[in-house]
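Enquirer: Chains as they are written, first to last, in my numbering: chain L, 1 to 363; chain R, 1001 to 1514; chain X, 2001 to 2246.
Hints listed in this document are in silico derivations from the structure and should not be mistaken for laboratory results.
The beta carbon of each residue, even a glycine, is placed where N, CA and C say it ideally should be.
One thing to keep in mind: the hints can contain errors.
[As the list claims (entries may be wrong)] Capping the alpha-carbon separation at 27 Å, the derived lysine-lysine pairs in DSSO-like fashion look like this:
1. X:K2130 - L:K233
2. L:K54 - L:K323
3. X:K2064 - X:K2215
4. X:K2089 - X:K2055
5. X:K2089 - X:K2130
6. L:K233 - X:K2107
7. X:K2064 - X:K2107
8. X:K2130 - X:K2107
9. X:K2055 - X:K2215
10. R:K1210 - R:K1194
11. L:K233 - X:K2089
12. L:K233 - X:K2055
[Unchecked claim] Which bits of chain L does chain R cover? Going by a derived footprint, with three or more residues having C-beta under 8 Å, they are:
13. 153-163
14. 344-355
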Amino acid sequence: MSATTATLPAQPRVTLRLVLWGAVLVLALIPLLNQLPETSALHVGDFIVSITGKWITYAILALAIDLAWGYTGILSLGHGAFFALGGYAMGMHLMRLIGPRGAYGHPTLPDFMVFLGYPELPWYWLGFDMFPYAFFMALFIPGLLALIVGYLAFRSRITGVYLSILTQALTYALMLAFFRNDMGFGGNNGFTDFKELLGMALTTPLARAVLFYASLVALVGSYWICTRISVSKLGRVLVAIRDAESRVRFLGYSTTQVKLFVFVISAVLAGLAGALYVPQVGIINPGEFSPGNSIEAVIWVAVGGRGTLVGAVVGAFSVNALKTWLTTAAPDLWLFALGGLFVAVTLFLPRGLVGLFSRKVEK
Amino acid sequence: MLLAILLLVSPARAQDAFTAALPGLAGGFGQIAEAVEKLGASADPRALPLLQALQEGRLLKREDGTLLLQTDAGTSEVPTGRPAEAGDAEAVRVNNRVRGALRGALGSLQILSTNPEERLKAAEDVFRSRSAQNIAPLEAALARETIPAIRAQLELSLAASRLASPDNAVRLQGINALAEVTDQNARALLLETKAQAPDLARQIDGAVAKIEGRLKVRQMVETFFQGLSLGSVLLLAALGLAVTFGVMGVINMAHGEMVMLGAYATYMVQEALSGTALAPFALPLAIPAAFLLAAAVGAVLERGLIRYLYGRPLETLLMTFGVGMILQQAVRLIFGAQNREVVSPAWMQGTLTLGGLSLTANRVWIIVFGLLVLGLVVAAIRYTRFGLEMRAVVQNRRIAATMGIRTGRVDALTFAFGSGIAGMAGVALSQIDNVSPNLGTGYIIDSFMVVVFGGVGSLAGTLVGALTLGVLNKVMEPYAGAVLAKVVVLVGIMLFIQRRPRGMFALKGRAAEA
Amino acid sequence: MTSHTILYLDDVSVVFDGFRALNNLSLFVDQGELRAIIGPNGAGKTTMMDVITGKTRPSAGTVKFRDTDLTLLDEAAIATMGIGRKFQKPTVFDALTVFENLELALKAPRGPLACLRWTLAGEARSRIEKTLEEIGLTARAQDRAAILSHGQRQWLEIGMLLMQDPELLLVDEPVAGMTDQETEHTAALLRRIAGTRSVVVVEHDLEFVRALDCKVTVLCEGSVLSEGTIDQVQNDPKVVEVYLGR
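With these hints in hand, go ahead and build the complete structure from the sequences.
Expert: This is the structure in structure tokens:
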């Protein structure tokens, strides 16, 4: 495998750290500014709060992908599936919390189950009424899937594009499965009409702010975990695996084990992102598993600059900002723009926006 | 025997039967049904209009039991045919039992019709009515019938009617005849009879087992054909990929869009030729058009973008995915997001019947087309100068270059060739799938699975891989459902790659490391 | 097999699609021995290395390191057992610095969690610094490996091999692309290493092999053609025929 652009793990220098904390602070202000009266010049609309909250969860997903791809060279096209699985786990919790307030008024069964004639809750729905359990499952299920898939794939040395195709096929298979009504996950329609979480009605500004801050804390935490990994010797092993995996094996490292470790962490982070995403957008359906979603998330990382953690975050925010603006300003152009981004970044900007910036600094 | 049949249909006896049955029609439901059956067995030409009238509520009954027949020409008395006033006469009413008897009786009368289609339909109706009364008319009809398909149905109906006979010997005749038929209905009928004739249970069981055995074989053949048909679709979709990915090692995620362009090329050719003398040949003419369009796009893609990313497969994957998005969106803007209709020419419509199997014509054509395209690819790679240069460049680019081969040109041509094949696949898919901008997305993952499963770089592997996956999918569908079958196949491939990471037809040794 | 035999290959064959890359090869290396292996292209030298380090599974035969059957282990397990390998084409990690390359090779727990918790203690640092000096790259310790010259990369790879602290070193064409002076230096280094460890060197450069001053094995068509001192094998008519004849 060819050496991708030689990038070192980001060494958080003092300036970088300042910029990052500044950015976190600005983000943290958003829900507060939302509380200002609408007449105030500094007032931030509800739309901004909800969309920024969503982007923060995307940024976590981008970090997860960057850890696997940018550092370790595992181009997973299945992270959208880990994200969706985390989202579904949280969605199951939110569905259970609706309780008798559903359209059919059944005390335990969600509406779609009443509609489909389920006599009782399927066993795998048990326990999801408890938040800690649901939250644990949102991390555990993606992690477990990554463990199984990763073990099978890495053990038989499936690397590069083969792994990408395999993970994409897996995502596709999951999408097909979740579209089925008899899976017990609401089929085509997925979950929606959520009412509350942790005792807060989801529509209240308080709930929005809490979810926003929870996402922000999760982003900072994920960033910290990824930084810890990237600056440790493990981070250097990852880069070495990315550039010359077989050589690492001859040094006595079990690359299967190392990759599996990173892949599982990455999947758990993606699951965490999904779990925070669903209560903020209020819906989860099988469309989240669509292979296009996974690959779009990869391009956030590529645009920002893979192999640098800042890049992943920057990419997630900037591409999604572009998407939000363009899909309203010129909806027909968005797919051209996104497709163009894929082409432009791979051909002309292999180090992404961050690379562009740091090159200017070096000059 | 022949004499008996002649006697049965002789007018003298028939007349008797006809007039004798008439009074029953004025009675209760049980009597009516009996009369209907007798009329059906009478083979009398007057019985048919009468029974049709009964079915349509045009047979009236006076208080005194006189029957009146209403037609467009007026009302007349039965059987004399004297004109009459309807007056306070009421329609003869029918219940389900009478309706059943009617169906059989009408059938047994119509099986003598001069119109073959009517005869066939009538024979089918008789089968469903299952009355011993029909035995005689069926035997009569069989003696005259010359068309094989109708004869077959008549024999089936005769056997079914014999089952309804109270005579075990006749029943046994029916059982033995049905045992030779490969038909789901025959099986159901036998099982029903078993309850009524417990003393024939052994023979019936034997007959049912024979039928089931043959049904199973037929179903297996049908499943296999469906699998083959799906397999050839996969083969078509994957062949182009087998060239660009398998031979060149370029991962082209826009491959599905090349297929899509081929389907739209078919649509454009159809529209351009519509109303001209060439319109019936639009589909064959679309094949070169689709090849050229997709090949041209492929060549531009390779020279303009992909070649800058050689040796960086992950980047190529992302870049070509973006290209696919752009192509999709461009087509969506030009042609609209809704499906475009590509008409199948007459020779591709309908079904072919082959020894009791009915195969959809367009599926058969796709299998043929898939194999033809495979042959074309193999021939192009093996026997042409271009194929030779292509193999040389793949094996050792630098040495090929020193031999005077323009490797850049060969790359472009190879990629265009692979894309063109995808375009031809689009022609075939336009016949069985919706021609829409995202036509290709449904095939890309399957195509990659086929190539990986079969063994990258091996055309034989692609063929076997496509057919295996197609058949596996169809074999599993009845048990697991279409979607789950797909999921199972995907997971199966993952596990298969565990055992043979390089696919079924793996290259070994130094060639595999390159 | 004597008690101080460290590497034991007996009747090993490797078949690729009908082509016998190794053909009933038998080879024994003693503890502390320095052994040179020469042979024409396609003689099976690299395949032999692949078999020992677990990259290729033999079709038949026994491969043992002390008493352990190597055919059952993967590359990482074999490497941790104490067999180090330097590749024909030097492979170092371009994105990492010279120092980091050596740090990765340094003998230490290899698990992911151990790597995550790893801190560079004084003793490890001094070992790396010592090796840096030995391979003459002290001044370049903080440079990326990507910008080293070919010879320097060869040195770095030898340094990485030393950091692994193996009992058996397999060295594939160590002096390709080196100047005469560097070649001499390498020969001296390898002679020094041998004695405490076993070293197997594959090399085309006969001058270099002569400088190693050790037992030489000549491979041809996947099996041993001749064995002895450099003078003995150079005068072996079979060897002469293979190299010069036909």
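Enquirer: Broken hints, numbered, in rising order?
Expert: none
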